[in-house]
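Trainee: The lines below spell out each chain.
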Amino acid sequence: MSVASLIFTILLCPLVASTLFGFSALLGKRLPRQDLISTAAILVALVCSLLLFGQILGNPALKQPGGIVDSMVIDWIAISDLEFKMGFLFDSVTGVMLIVVTLVSSLVHIFSMGYMHGDPYYPRFFAFLSLFSFSMLFLIVSDNLLGIYIGWELVGVCSYLLIGFWFEKESAADACKKAFLTTRVGDVGMFVGMMMLFAKFKTLVLYGEEGIFEAVSHLGSEDILWLSVAGCLIFCGAIGKSAQFPLHTWLPDAMEGPTPVSALIHAATMVAAGVYLTARMFPILTPGSSLFIAYIGGITAIFAATIAIVRWDIKRVLAYSTVSQLGYMMLAIGSGSYVAGLFHLTTHAFFKALLFLGSGSVIHALHVHHDDHSEHSIERDGIPPEQDMRNMGGLRRKLPITFWTMLIATLSISGVPFIFSGFWSKDAVLGSALGKAMSGGSIHYYLLFAIALIAAMITAFYMFRLIFLTFFGEPKNQEMYEHAHESPMSMAIPLIILAILSFPIVNKWSFEDLIMQPDQPHIHASTQQASALYAEAGASDHDTHIAGDHQGDIHHTAHNIAMVCSIIVATLGILLSWLLYARQPMTEDPVEKALGPFHTILWNKYYVDEFYNGVIVKRITLGLSNIFGWIDFRIVDGIVNVVAFINREIIAGIVGLFDMIVIDGIVVTVVGKGIRAIGVQIRRIQTGTVQNYLAVVLSGIIILVLLFLSLPRWIP
Amino acid sequence: MRLEHYLYISIILFSLGVFAVLTRRNAISILMGVELILNSCNLNFVAFSSFITRDITGQMIALFGIVLAAAEAAVFLSIILSIYNEFSSINPDQTDTLKG
Chain A
1 MSVASLIFTI
11 LLCPLVASTL
21 FGFSALLGKR
31 LPRQDLISTA
41 AILVALVCSL
51 LLFGQILGNP
61 ALKQPGGIVD
71 SMVIDWIAIS
81 DLEFKMGFLF
91 DSVTGVMLIV
101 VTLVSSLVHI
111 FSMGYMHGDP
121 YYPRFFAFLS
131 LFSFSMLFLI
141 VSDNLLGIYI
151 GWELVGVCSY
161 LLIGFWFEKE
171 SAADACKKAF
181 LTTRVGDVGM
191 FVGMMMLFAK
201 FKTLVLYGEE
211 GIFEAVSHLG
221 SEDILWLSVA
231 GCLIFCGAIG
241 KSAQFPLHTW
251 LPDAMEGPTP
261 VSALIHAATM
271 VAAGVYLTAR
281 MFPILTPGSS
291 LFIAYIGGIT
301 AIFAATIAIV
311 RWDIKRVLAY
321 STVSQLGYMM
331 LAIGSGSYVA
341 GLFHLTTHAF
351 FKALLFLGSG
361 SVIHALHVHH
371 DDHSEHSIER
381 DGIPPEQDMR
391 NMGGLRRKLP
401 ITFWTMLIAT
411 LSISGVPFIF
421 SGFWSKDAVL
431 GSALGKAMSG
441 GSIHYYLLFA
451 IALIAAMITA
461 FYMFRLIFLT
471 FFGEPKNQEM
481 YEHAHESPMS
491 MAIPLIILAI
501 LSFPIVNKWS
511 FEDLIMQPDQ
521 PHIHASTQQA
531 SALYAEAGAS
541 DHDTHIAGDH
551 QGDIHHTAHN
561 IAMVCSIIVA
571 TLGILLSWLL
581 YARQPMTEDP
591 VEKALGPFHT
601 ILWNKYYVDE
611 FYNGVIVKRI
621 TLGLSNIFGW
631 IDFRIVDGIV
641 NVVAFINREI
651 IAGIVGLFDM
661 IVIDGIVVTV
671 VGKGIRAIGV
681 QIRRIQTGTV
691 QNYLAVVLSG
701 IIILVLLFLS
711 LPRWIP
Chain B
717 MRLEHYLYIS
727 IILFSLGVFA
737 VLTRRNAISI
747 LMGVELILNS
757 CNLNFVAFSS
767 FITRDITGQM
777 IALFGIVLAA
787 AEAAVFLSII
797 LSIYNEFSSI
807 NPDQTDTLKG
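Residue numbers (this note's numbering), protein chains in the order written: chain A, 1 to 716; chain B, 717 to 816.
Mixed in with the good hints there might be a few duds.
[As the list claims (entries may be wrong)] Below, a sample of chain B positions facing chain A; criterion: calculated Cβ distance under 10 Å:
1) L738
2) T739
3) I746
4) M748
5) D809
6) D812
[To be verified] Derived SDA-like pairs: lysine to any residue, alpha-carbon spacing no greater than 20 Å straight-line:
7) B:K815 - A:Q681
8) B:K815 - A:I682
9) B:K815 - A:Y693
Just so you know, these hints were derived from the structure itself, not from any lab. In this text, a Cβ means the ideal position worked out from N, Cα and C, and glycines have one as well.
Between the sequences and the hints, there should be enough to build the whole structure, so can you do that?
Mentor: See the structure below:
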């Protein structure tokens, strides 16, 4: 099968599965087993993605960024000289993303069959999952920004629907609105950025002869500022979608959705769409926008990691961890390492999906039905009892599969050396920041490297805190512990598969071989060393070669340093966690004691939500609303009232007079009476006598015959 | 006898029929005029089939025409009866309800 038909199949399967549900709901009939339909659809898409990946391995041209622009391009909208084309872009990045999305999605589908079993909206859940899969896949294969934007908004809608899946719960309904609106803030920036590019280049297609990237490489140095602004604006979309600081607040709240949704959308795929977009826009990044992206990523990484230390809700810990890891990916791309960013995206998708599904398994095991609620399982701090780590402990004996798989994922995310994929990808990120700093990049990158290193230590600390609190020690809530049971096979198998993928099966070397970094034509344009580098490049081939080797050496050294540092910080983090949380008995939170007042700040998540509510919503938005309301009431309504008065009193009078005199007087009288007079005359020929009619018909026939006889011969 | 002679007869019959249809003040006479017109056509068919095509197609159509005329007479007479019931007359000049 050709690339285009495979991509079509991948897109159509989940779309059909979700629309089937829609149609059957319209007809008032439920299809039997929507879960099987959706799962089969995503499995077909997975197989097609694997086939496509096989094509990449066999065709080196596909490893180039941009790959082949397939012939499947259609004119979508054409308004005079404005044209929007829709097509597929297929290169190795697309291939990897397709596999990540379809694989995680398939496993989540299977997991959900166990986890969501018995839910009253069980079929609808699968229809939403299918719709989400379609949207995400569409986003990945689009070859232009408009297509990406459409997919982008569609995944936003699906995220909204799935976070609010249990919409009877008020917190879920609030969370889904918050997620939708917060990401929309970023999307406005992204849209403005797209319009900037479109205004200049008259196209939104990325690669190809007429694409944006080709046009960007011909820009002069006077446009660099403009390009930086456009890059930052498009990155705003990624800030919203990938929950980067300062728009990160929606992602932890999104944990109100079912846990498989958190695994699929809010850990592995949708939030990674922001990273994917930033990676796709890599060739237009300038030093300014790169540094902006790197700083946002670095700040987010440490910011979210520190908040995660004090969370008690198992899902919130993982949510902040996701935010933090997404920051790492952004940092890598901002440091000019496209491959490291995407590599961390891939490994993170697997181990974070595993962690979420594992936490889902724990929650499923501990879930106490509401009718047998007792005093032991009351809510504390608004955390549902089955998600509260203060109720867990010792579960490794009850949930062996969940424990071992989650332990593997935790070792991976903490960066335990060599045999876990997370170590390699985190090392690639850290190395890229340090390499950028050492090879003459801005001094800021040293700072970012230090931040990322501290964040790595905190990551190891809070992840092991989670493991120790959940699986080790003595059960803290005996009743829930007695009730706990290992999950069914449909939930255990996805965990095991994801655990296998947390080993370096996707390793650094295969990834670097697979994905080639695109050129960044303007990355040196405005810095001091630009002229030096250009001079060096222009000097001679020999010198360039030496310079290239020199750069390679620096990067090699940087990676070695980063690797040593990351091993040290991971060990420190794990040891600290062991000292504080693994010893018995734990009477109060040791972190709370150690941090003192800082703990309160962390517990309140640096008051970002309070800031948004108190300042932006209450002061700025409400203030603006009042001002606009006043303008609306006084000025807009005033104008409307004045115009209405003028209309009613003056124009209506004139029109009324005109109506009476001209229309009624002249038009109606003249036309009406004239037609009546004509009618009176014409009615005379309607005698009602059959013989008269016959006579007329006969004379008509005679006239016709005479005409025919007298006409020239050209009438056949 | 040549074809023309038949056609002359046919023309005369046709003209008489038309004249009757247009001028008579009695619906029965109009029916008779219509019969004359139909028969002039039948005569034409038979004449042409005998002199020109030399098969029986025209004669067959003439037979159909005669049957048709009989059916038409039945319908016509029943319409005349209805008209008489309505207007107490069968003079076509008096049935001018549709006059504009």
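Trainee: In ascending order, which of the hints set out earlier in this document are inconsistent with the structure?
Mentor: 4
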